[in-house]
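S.K.: Grab the two chains, each in its own frame, and use the hints to assemble them into the complex.
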Amino acid sequence: SSPSPGDTSVLAGLYGPAEVKGSKELPDRAALEVLLRPKVGLPGVIEHSREQLLRQTCEAVVLGTLHPRTAITLVLQVLSDAGSLLACCLNAACMGLLDAGLPLSSLFCGVTCALDPNGAIVLDPTTRQEQEARAVLTFAIDSAERKVLMATTKGSCSVEEMQQCLAAAQRAADTIFQFYRDSVRRRYSKS
Amino acid sequence: MKATPLSNCERRFLLRAIEERKRLDGRQCYDYRNVRISFGADYGCCIVELGKTRVLAQVSCELVPPKPNRPTEGILFFNLELSPMAAPGFEPGRQSELLVKLNRLIERCLRNSKCVDTESLCIIAGEKVWQIRLDLHLLNHDGNIIDAASIAGIVALCHFRRPDVSVQGEEVTVYTPEERDPVPLSIHHMPVCVSFAFFQQGTYLLVDPSECEERVMDGLLVIAMNKHREICTIQSSGGIMLVKDQVLRCSKITAVKVAEITELIQKALENDQKVRKEGGKFGFAESIPNQKITAFKIERAAIDTNNVEEQAEEIIAKADPPSEVFAKPILHTPGTAQIGEGIENSWGDLEESEREEAAEEEGEIEAAAFECQKMETEDTSTMSETKKDEPIVLSDSEEEEVIILEPQEVPKKTRTQTNSKQENTSKKAFNKRRKKKRAAY
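These protein sequence lines map, in sequence, to chains A and B. Just so we're aligned: 156 in the UniProt record's numbering is position 156 of the first sequence, and the numbers increase by one with no gaps anywhere. Just so we're aligned: 245 in the UniProt record's numbering is position 245 of the second sequence, and the numbers increase by one with no gaps anywhere.
Only chain B is shown next, with the shape it has when bound in the complex (with noise of 0.2 angstroms):
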């Protein structure tokens, strides 16, 4: 699907009301839109909404051997994903150029400033360590992805509690969550990515750019630091030139950012916290809803079945018996079935040759029952049974004569039919092939 385009007139006045400091949403140059954190049942997953950017997170883990040249330290893996429902120009599986730069501002910001200790990851050095992985998805793009982003991936390992483990000589143990309490990561600091947009050559600037003030943007720097004032990473793209007072007035402005959303993200923590020892219910299904007037949730509503049996039988003795039609599959090999016959050959003369040898081979062949056949019956009659008016026939195949080779291998014997009947396409195609090669000796 192709984005829409911004129009010159709707671009003209984004940058004439910014010239006058005037934001479209009636913000101030400084301001940040509402930061919302939800959590989701499983521990390690959480929704940020940034305004109406929203980014879902979620962190995995897996026992896994470490790399070669750092056997002591566990492997973290981010990834981020823009949804297609975020916005109509994102196609699944193109490699933009901006998710490209998305997923290495996320991995510079979160691996590289060492936030999450990866040597408490390893469990046996060289052989176990733990495999960390987090995964973003872009829900909605409003602007701003990288901020929203960052929040999400910090407070999503910062909430994530992996498996507790024992080591014993060379044995390791690892334990449910009935068994033994999972165990949080251990996080140093939590690094948070402040964006500024540029414009008229750096002569105005705007925290937290929306959609349509990134469109018009002429440069962007992305500062990520965390509370103590250091700065993790610090990133300036779109060419534009930059005094270093402008830069230094901008690491000020976020230092001031992140004090106030670290505040906040630990505030959520503590509250989620809280809701699970107190037993409460907690996930997405019990804090969209009271979030959002336009949501709405039932309770478990409670079916009557008490007729369901007669009503079952009823429709059984109404309906059709199965039709016989179909034929009985005919076991020719091991692991070689075939249901229904062929149709005659509708080529014309080109095989009348192989019309008579198949003939010969066919009357060799034997039938006999095996246990893949009840299976396969009860399949074909339930199959019957959904489409109550119209009896299927499956001898209808739509293949030619068959001539079966001896496998190569026996494959196993439970196959469903579908699957045999794909299988004798692709054995009667493969022989077919074999037969022509045959005729031109």
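Bound-form chain A, shown alone (with noise of 0.2 angstroms):
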């Protein structure tokens, strides 16, 4: 799957439940394994913190305890950079888990909320205004009870205007369930 909000484009692909390594094997669930590309260079030290927030946001929604001693693994490739990369790749893992077929106990998206420096929120900012802003915010929030399952920041922001980002980004979750909802259909009505 390959959401792009505005130019930012992610592809991703998932390869599991599936045979797994000795050594990565978990007893009693699945190991879920997430490999992020950058279209330039060689992976990173970013590449890595930005896979290891979305195992673990993977891992709370995937039933892993269905598949003992398996492994999961979501690949994601970065197509294009214009913005809310974290977001993009939030979206294309859930889209990627729910095309697979994995079970899950809930859906999840990102929603990236920039604070300018006058202290307006900007959601799904370009790579210039994130750039220009104070602060920029990305949560994953979950479909069940729009609850907030990843939460991460850079730059400084009071607790009412993250309180504040957390709102609005719940009520764009509500916009992009409902993507989710509508390309899923799309998706099974043509093939």
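I should point out that these hints are in silico values taken from the structure, not numbers from a laboratory. These numbers were taken from a predicted model, which means no experiment stands behind them. Every residue, glycine too, gets a C-beta built ideally from N, C-alpha and C. Do not rely on the hints blindly, as some may be mistaken.
[Said to hold, decoys possible] Each computed DSS-like pair below joins lysine-lysine, with the alpha-carbon atoms no more than 30 angstroms apart: (1) Lys39(A) - Lys67(B); (2) Lys21(A) - Lys101(B); (3) Lys101(B) - Lys39(A); (4) Lys277(B) - Lys39(A); (5) Lys67(B) - Lys267(B); (6) Lys114(B) - Lys39(A); (7) Lys252(B) - Lys101(B); (8) Lys52(B) - Lys39(A); (9) Lys252(B) - Lys39(A); (10) Lys52(B) - Lys22(B); (11) Lys39(A) - Lys244(B); (12) Lys39(A) - Lys128(B); (13) Lys52(B) - Lys21(A).
[Said to hold, decoys possible] Examples of chain A residues toward chain B, derived with CB under 7 angstroms: (14) Arg37; (15) Val40; (16) Ser80; (17) Asp81; (18) Asn118; (19) Val122; (20) Arg185.
[To be verified] In silico contact screen, one side only, chain B against chain A (beta carbon under 7 angstroms); selected entries: (21) Ser38; (22) Gln58; (23) Ser60; (24) Ser83; (25) Met85; (26) Ala87; (27) Pro88; (28) Gly89; (29) Pro92; (30) Asp135; (31) Gly219.
M.R.: Structure below.
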């Protein structure tokens, strides 16, 4: 699957649950591995840290105990980056999990908020807006009760501002989940 | 993940079909699959689909000092990656033979053929030249990676625009895309690879093998040619013995195929150029939905954020206030801080003497506030807001007594709380070891 807000594009590919090499095997649940590949150059530290964030979010949602001693590999390739990359990766990951038919306890979506120096909230910022912003916050919101699965921030903001961004992200999540629903419906009605 | 092996009956089926001049997807022996080229939003980014095999190419450039033995030439760097999403058998970080072979072929095809003019990449001889880097990512493997990769590579190089540069004496000015239009690379010719798969010791020949056909083939012949019928690279692998007129026949077929593919490339580049000039939208976000029925796209959606502030205030009012349990950070010496005290040592009487010493030293240490503290308490209160129900207790560090030695150098004061905790851990481990040495005397 390949969601693209604006011009940011991420392609997700999923393999699993499949056989896993001895050392990585977990006896009671599936071992989830996330690989994020940038467009230019070799994966660096920032890709690894994003991989960990994605992995923890996915592990919270995937019912791994249904497939013990297997491995689920999720590969994300960045096709183009024009801002809000982490949110795009989250959306791609969720749609990949959905399309592959893995058992999930809920869906999730990623939303990025930027706080510009005046304090106004900008959802889904472009690269330029992210650079000029005072703080950039990314949330992973789940579909069951709009709770927060993952939150990461860059820059400084006050507690109230963070709560406001969170509330705005929860609103945006509604639109994104509707988009998931429509695209899945479309996919299965045509094929 | 392990790749599924090909079963014997599949192998036999494929070979029998090839003997009868039939292919699984209904193609003729010399037919290529559909080639589709789409461009991304930035210059130098493209995706090439050869049937189901997909390759993503991205070109980027950088100013570097040149190689010492070639001071007037720019540097070309090629990198092909087999993404784990291409096939279940591809694992990250494993240098397989296939990867090395493909990389070498791409290098020979694009670098040794001198299709890109490296002299034009030089800015100041011996000091600054452009390094052009081509990254190829294989997104899906359905056979014939080398052809798709070579097409993607040459298309990306033709599509790429580097920033304009002007030199005045010793001064070099690099213009941003807003100041001056970026300049295309100077490409002499476009080499394209064509692969031939041989079966039954060279009796049967197929052009553009798919993945199953590749698994049962005896040998592979790759010819890279440009539209002027010049062979840039030729490589035969697999140990098959080829007769001279077989090779000549293949090169004739290559000439025909390359002419078709080059025409397709030119058309694609022109289309993209036209769209960009007219100011239309370009990039994958535009091209992919139009090509696929299963793709879906929504326009920018406005979110109603009017009541956001009130909702946020409600949440803050309802949430428990951040608990007072977490202690203020204590500054021992410049650059070393501690949050929370250690709990009782559960190792028994082994450390009794050390405990006494520790008690003495801790008495001497003063607590002082510094600018870090404010940032840290703000951080901790933000963290407690996210998990509204459980207050975070930061004082249960599992470390033992803290003995602080004078640090050698003064690290920067702007550390966040997690950093200072980690630093504490490492410093404590270090100190513990020092302590044990002291006890040994």
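S.K.: Does each hint fit the structure? Answer for all of them.
M.R.: Tested hints:
Of the supplied pair hints, the one linking Lys39(A) and Lys67(B) holds, its CA atoms being roughly 26 angstroms apart against a limit of 30 angstroms. As the CA atoms of Lys21(A) and Lys101(B) are separated by approximately 26 angstroms, the hinted pair is consistent with the 30 angstroms bound. The straight-line distance between the Cα atoms of Lys101(B) and Lys39(A) is roughly 22 angstroms, inside the 30 angstroms bound, and the hint therefore holds. Restraint check: the Cα-Cα separation between Lys277(B) and Lys39(A) comes to about 25 angstroms, which is no more than 30 angstroms; the hinted pair holds.
Taking the CA atoms of Lys67(B) and Lys267(B), the gap is near 36 angstroms; set against the 30 angstroms cutoff, the hint is violated. A C-alpha spacing of about 25 angstroms is found between Lys114(B) and Lys39(A), which places the hinted pair at or below 30 angstroms, so the restraint holds. This hinted pair checks out: Lys252(B) and Lys101(B) have alpha carbons roughly 25 angstroms apart, not beyond 30 angstroms. Between Lys52(B) and Lys39(A) the CA atoms are separated by roughly 20 angstroms; this keeps the pair inside 30 angstroms, and the hint holds.
The hinted pair formed by Lys252(B) and Lys39(A) fails the criterion: a straight-line CA distance of about 36 angstroms is larger than 30 angstroms. Taking the CA atoms of Lys52(B) and Lys22(B), the gap is about 20 angstroms. The hint holds against a cut of 30 angstroms. With a CA separation close to 42 angstroms, the supplied pair Lys39(A) and Lys244(B) exceeds the 30 angstroms bound. A hinted pair counts as satisfied when its Cα atoms are at most 30 angstroms apart, and Lys39(A) with Lys128(B) qualifies at roughly 25 angstroms.
A C-alpha spacing of about 29 angstroms is found between Lys52(B) and Lys21(A), which places the hinted pair at or below 30 angstroms, so the restraint holds. Hint status for Arg37(A) relative to chain B: holds, with the closest Cβ pair at about 6 angstroms, below 7 angstroms. A distance limit of 7 angstroms between C-beta atoms decides the matter here; for Val40(A) the minimum to chain B is near 5 angstroms, and the interface restraint holds. Residue-level restraint check for Ser80(A) holds (minimum Cβ-Cβ distance to chain B is 5 angstroms; threshold 7 angstroms).
Taken as an interface hint, Asp81(A) does not check out: its beta carbon lies about 9 angstroms from the nearest beta carbon of chain B, beyond 7 angstroms. Taken as an interface hint, Asn118(A) does not check out: its beta carbon lies about 14 angstroms from the nearest beta carbon of chain B, beyond 7 angstroms. Checking Val122(A) against chain B: minimum C-beta separation of about 10 angstroms lies over 7 angstroms; hint violated. Hint status for Arg185(A): violated, given a least beta-carbon distance of 9 angstroms to chain B, over 7 angstroms.
The criterion of a C-beta within 7 angstroms of any C-beta in chain A is not met by Ser38(B), whose closest approach is roughly 10 angstroms, and the hint is violated. For Gln58(B), the suggested interface contact is upheld, since its CB lies about 5 angstroms from the closest CB of chain A, less than 7 angstroms. Checking Ser60(B) against chain A: minimum C-beta separation of about 5 angstroms stays under 7 angstroms; hint holds. With its C-beta approaching chain A no nearer than about 6 angstroms, Ser83(B) sits inside the 7 angstroms limit, and its interface hint holds.
Taking 7 angstroms as the C-beta cut-off, the interface hint given for Met85(B) holds, the closest approach to chain A being about 3 angstroms. Interface hint status for Ala87(B): violated, as the beta-carbon distance to the closest one in chain A is roughly 9 angstroms, over 7 angstroms. Using the Cβ-Cβ criterion of 7 angstroms, the hint placing Pro88(B) at the interface with chain A is satisfied: the shortest such distance is roughly 5 angstroms. The interface hint given for Gly89(B) is broken, as the beta carbon of that residue sits about 10 angstroms from the closest beta carbon of chain A, more than 7 angstroms.
Given hint, Pro92(B) at the interface with chain A, holds; its Cβ is 6 angstroms from that chain's nearest Cβ, closer than 7 angstroms. Given hint, Asp135(B) at the interface with chain A, holds; its Cβ is 5 angstroms from that chain's nearest Cβ, closer than 7 angstroms. Restraint check, Gly219(B) versus chain A: the minimum CB separation of about 30 angstroms is more than 7 angstroms; hint violated.
The earlier numbered hints that this structure contradicts are 5, 9, 11, 17, 18, 19, 20, 21, 26, 28 and 31.
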